[in-house]
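With these hints in hand, go ahead and build the complete structure from the sequences.
Converting from the sequence shown to our numbering requires adding 32 to each position, the first position being numbered 1.
Since the hints were made in silico from the structure, they are not lab data. Keep in mind that the hints are not guaranteed to be accurate.
Each pair of labels, with its calculated beta carbon distance range [what the hints assert, rightly or not]:
1. V234 x W266: 22 to 28 angstroms
2. R174 x R253: 31 to 37 angstroms
3. K190 x D149: 19 to 25 angstroms
4. Y274 x V234: 35 to 41 angstroms
5. A93 x V139: 17 to 23 angstroms
6. R163 x S38: 30 to 36 angstroms
7. D148 x A93: 39 to 45 angstroms
Cβ coordinates follow ideal geometry from the N, Cα and C atoms, glycine included.
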Amino acid sequence: METPVSGTRLENKVAIITGGAGGIGSAAGRIFCNEGAKVALIDRDPDVIDAAVEGIRRQVAGAQVMGVVADVGEEGAAQVAVDAVLKKFGGIDVLVNNVGIRRYEAVADAPWDAWDDILRVNLLSFVSMARAALPALRRSGRGSIINVSSTGAVYGRKGMGAYDASKAAVLALTRTMAFEEGEHGVRVNTICPGYTRTPFHVNRMGNEAVDALVPPCVLQRWGTPDELAYPMLWLASDEASYVTSATFMIDGGFPAEGGGTAVRTKL
Numbered sequence: 033m034e035t036p037v038s039g040t041r042l043e044n045k046v047a048i049i050t051g052g053a054g055g056i057g058s059a060a061g062r063i064f065c066n067e068g069a070k071v072a073l074i075d076r077d078p079d080v081i082d083a084a085v086e087g088i089r090r091q092v093a094g095a096q097v098m099g100v101v102a103d104v105g106e107e108g109a110a111q112v113a114v115d116a117v118l119k120k121f122g123g124i125d126v127l128v129n130n131v132g133i134r135r136y137e138a139v140a141d142a143p144w145d146a147w148d149d150i151l152r153v154n155l156l157s158f159v160s161m162a163r164a165a166l167p168a169l170r171r172s173g174r175g176s177i178i179n180v181s182s183t184g185a186v187y188g189r190k191g192m193g194a195y196d197a198s199k200a201a202v203l204a205l206t207r208t209m210a211f212e213e214g215e216h217g218v219r220v221n222t223i224c225p226g227y228t229r230t231p232f233h234v235n236r237m238g239n240e241a242v243d244a245l246v247p248p249c250v251l252q253r254w255g256t257p258d259e260l261a262y263p264m265l266w267l268a269s270d271e272a273s274y275v276t277s278a279t280f281m282i283d284g285g286f287p288a289e290g291g292g293t294a295v296r297t298k299l
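As structure tokens, this is what we get:
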């Protein structure tokens, strides 16, 4: 069922969202469109990105949304994607670096090519997209870059060394870019999602297992993609015009009980 564009918080803004076909990325695309933005979703799979674009058009009447197929871990592909957005929408005001891949392996066990893949996608794609989009973001005079990291960047855990290291690097990249780009009117911030019920986790674990798992956070439940996208909406808007170089933990109060990271299941 379509809902007409109902807000103006991003009116006249153009936003790029990488990983735009995923749960958080597509939720952000829908919410941004519903607040008046023109949105470009970028992902590697043409079928999935087409489905995400069509889903937004079905839900938001009058949505101005486009899909771009690109592997933005390659610098040249990032520039091609940005050029396509500029040709279609004429500018860029918001860049959401949301794309990410993960592997579940200890540092001692992860093959070297896994490190290469994860760092290329989870870190270097953020660099390639920022470098390609910065001229337009600077011209905007009110540019906002939102980098999606992870609670794993802050809290230690077993079995995800490459992923957590890449996400920790995103925090450092955010702070450096905030200092470099402040004079150009571009704000740079990070959100760190906690346990979020995305199609990725449901496909990996199954609905029953996801329902049974109680995340180790104060709220003792999974977050929804929308609950991650709304903080992005605020950071993208002029309401956050005095916010830069910040890290926001969107995690339900994680970790609970003195810093432990163990999860439990419902009885």
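Status of the hints after comparison with the structure:
1. A C-beta distance of roughly 27 angstroms is found between V234 and W266, which places it inside the suggested range of 22 to 28 angstroms.
2. Hint check: R174 to R253, Cβ distance near 35 angstroms, so the stated range 31 to 37 angstroms holds.
3. For K190 and D149, the Cβ-Cβ distance of about 20 angstroms falls inside the hinted range of 19 to 25 angstroms, so the restraint holds.
4. At about 38 angstroms, the CB distance of Y274 to V234 agrees with the hint of 35 to 41 angstroms.
5. Distance hint check for A93 and V139: the Cβ-Cβ separation is about 49 angstroms, which falls outside the suggested range of 17 to 23 angstroms.
6. Between R163 and S38 the CB atoms are about 35 angstroms apart, so this pair conforms to the stated range of 30 to 36 angstroms.
7. At about 43 angstroms, the beta-carbon gap between D148 and A93 stays in the expected band of 39 to 45 angstroms.
Violation of the numbered hints given earlier is confined to hint 5; every other hint is satisfied by the structure.
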